[in-house]
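There are 2 protein chains.
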Amino acid sequence: MKELEERINKDGRVLGKDVLKVDSFLNHQIDPVLMEKMGEEFYNHFKDANVTKILTVESSGIAPAVMTGLQFQVPVVFARKHKSVTLKDDLYTSEVYSFTKKTSNHISISKKYLSSDDNVLIIDDFLANGQAVNGLNEIVDAAGANIAGIGIVIEKSFQKGRQLIDKEKIPVYSLARIKAFEDGHVVFGKEDE
Amino acid sequence: MKELEERINKDGRVLGKDVLKVDSFLNHQIDPVLMEKMGEEFYNHFKDANVTKILTVESSGIAPAVMTGLQFQVPVVFARKHKSVTLKDDLYTSEVYSFTKKTSNHISISKKYLSSDDNVLIIDDFLANGQAVNGLNEIVDAAGANIAGIGIVIEKSFQKGRQLIDKEKIPVYSLARIKAFEDGHVVFGKEDE
Numbered sequence: 003m004k005e006l007e008e009r010i011n012k013d014g015r016v017l018g019k020d021v022l023k024v025d026s027f028l029n030h031q032i033d034p035v036l037m038e039k040m041g042e043e044f045y046n047h048f049k050d051a052n053v054t055k056i057l058t059v060e061s062s063g064i065a066p067a068v069m070t071g072l073q074f075q076v077p078v079v080f081a082r083k084h085k086s087v088t089l090k091d092d093l094y095t096s097e098v099y100s101f102t103k104k105t106s107n108h109i110s111i112s113k114k115y116l117s118s119d120d121n122v123l124i125i126d127d128f129l130a131n132g133q134a135v136n137g138l139n140e141i142v143d144a145a146g147a148n149i150a151g152i153g154i155v156i157e158k159s160f161q162k163g164r165q166l167i168d169k170e171k172i173p174v175y176s177l178a179r180i181k182a183f184e185d186g187h188v189v190f191g192k193e194d195e
Numbered sequence: 003m004k005e006l007e008e009r010i011n012k013d014g015r016v017l018g019k020d021v022l023k024v025d026s027f028l029n030h031q032i033d034p035v036l037m038e039k040m041g042e043e044f045y046n047h048f049k050d051a052n053v054t055k056i057l058t059v060e061s062s063g064i065a066p067a068v069m070t071g072l073q074f075q076v077p078v079v080f081a082r083k084h085k086s087v088t089l090k091d092d093l094y095t096s097e098v099y100s101f102t103k104k105t106s107n108h109i110s111i112s113k114k115y116l117s118s119d120d121n122v123l124i125i126d127d128f129l130a131n132g133q134a135v136n137g138l139n140e141i142v143d144a145a146g147a148n149i150a151g152i153g154i155v156i157e158k159s160f161q162k163g164r165q166l167i168d169k170e171k172i173p174v175y176s177l178a179r180i181k182a183f184e185d186g187h188v189v190f191g192k193e194d195e
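Protein sequence lines, in the order shown, are assigned to chains A and B. Mapping of the first sequence onto the numbering used here: position 38 corresponds to residue 40, and the numbering continues sequentially without gaps. Mapping of the second sequence onto the numbering used here: position 72 corresponds to residue 74, and the numbering continues sequentially without gaps.
Careful, some of the hints might be misleading.
Put simply, identical chains are the same to the list, so a pair is met inside one copy or across any two.
Claimed, not checked - Here are the simulated DSBU-like pairs of lysine-lysine, each with C-alpha atoms no more than 35 Å apart in a straight line:
(1) Lys4 - Lys85
(2) Lys19 - Lys103
(3) Lys23 - Lys104
(4) Lys113 - Lys19
(5) Lys4 - Lys113
(6) Lys12 - Lys113
(7) Lys4 - Lys162
(8) Lys192 - Lys90
(9) Lys169 - Lys90
(10) Lys19 - Lys90
(11) Lys181 - Lys90
(12) Lys90 - Lys12
(13) Lys113 - Lys83
Please keep in mind that the hints were generated in silico from the structure rather than gathered at the bench.
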């Protein structure tokens, strides 16, 4: 998505070898007009996939997920993060390790809002090592639902998340694919690379 | 907002004397079409207030805030919650006590995303005792910014939050005002009550 790549070039900040800060338009301050365009872009890509529900994780996934849900006119569910696991019968739960923070979180969603009839589009802000997406996949599996696809705002293709998803043959669409950071700049790749 | 009141009657669950669960359309599963209408409603109410920025708190405030920001075509900033306070020079921070959870959280936003030029519309999902809104007010004050108004999705008018805001003469607009819970049902009030 050209407009997103331009925005990353303009406002993103590269920190070290593998961190991109986009808190001026995506995950702290949010540009709602850009979010709307992202929702349209995800819709155009997945519109024939019979999506019944959008699934994401709080908090940064919520804005792009809600804009995507608006296009599909389907409900959006966001998984909640917890430090500790409290096993409850009415929740689907999975564990997500954060390589950035070096801590484990549990994510959960209420069993009421995901069923075996659902065909789920997972939306998230970043794909790096694939931990969050993997946690959401586990939850969708536990519910007996199907994964229609995965929509990612920014993919860091040089980390292992994308490979893991491709191995499972789940359709993925990333609005921006980052091949590498070179001298503090972002090098983008294409969907077919 | 009639459609919201109808939705609360249909899908909200009253628990005990003062809890309303709306996790089927507002704060766990989200109805994006309803969120869009809420954004339009907030815009219609505050459109002449020269709003430059929308401010909310993660996670449940994000969806209505982003839809409101889309109408105003202004950036949305969500405050992050932390268990402990880490004083940092680059953050505006305030303390928020949760009566429901009986714990204190700190909320913070980066100083980069709020300035003395801003005229802020605060959006939140619930107004009960007014702790979250009060924390956001403190942050806006610390930035030297102005509060254009406060938009609330569901106000529990029998708790003290609304009174506190009215005392400060800040314009408030609540899409649904709950006067009382009677026999497990919701009794709505009007904006002029």
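Structure-based check of all given hints:
| no. | hint | result |
| --- | --- | --- |
| 1 | Lys4 - Lys85 | neither (37 Å within a copy, 38 Å between copies) |
| 2 | Lys19 - Lys103 | within (16 Å within a copy, 40 Å between copies) |
| 3 | Lys23 - Lys104 | both (18 Å within a copy, 34 Å between copies) |
| 4 | Lys113 - Lys19 | between (39 Å within a copy, 25 Å between copies) |
| 5 | Lys4 - Lys113 | between (38 Å within a copy, 29 Å between copies) |
| 6 | Lys12 - Lys113 | between (41 Å within a copy, 20 Å between copies) |
| 7 | Lys4 - Lys162 | within (24 Å within a copy, 48 Å between copies) |
| 8 | Lys192 - Lys90 | neither (42 Å within a copy, 39 Å between copies) |
| 9 | Lys169 - Lys90 | within (31 Å within a copy, 42 Å between copies) |
| 10 | Lys19 - Lys90 | between (40 Å within a copy, 24 Å between copies) |
| 11 | Lys181 - Lys90 | between (41 Å within a copy, 33 Å between copies) |
| 12 | Lys90 - Lys12 | between (45 Å within a copy, 26 Å between copies) |
| 13 | Lys113 - Lys83 | both (15 Å within a copy, 26 Å between copies) |
This entry does not satisfy hints 1 and 8, going by the numbered hints stated previously.
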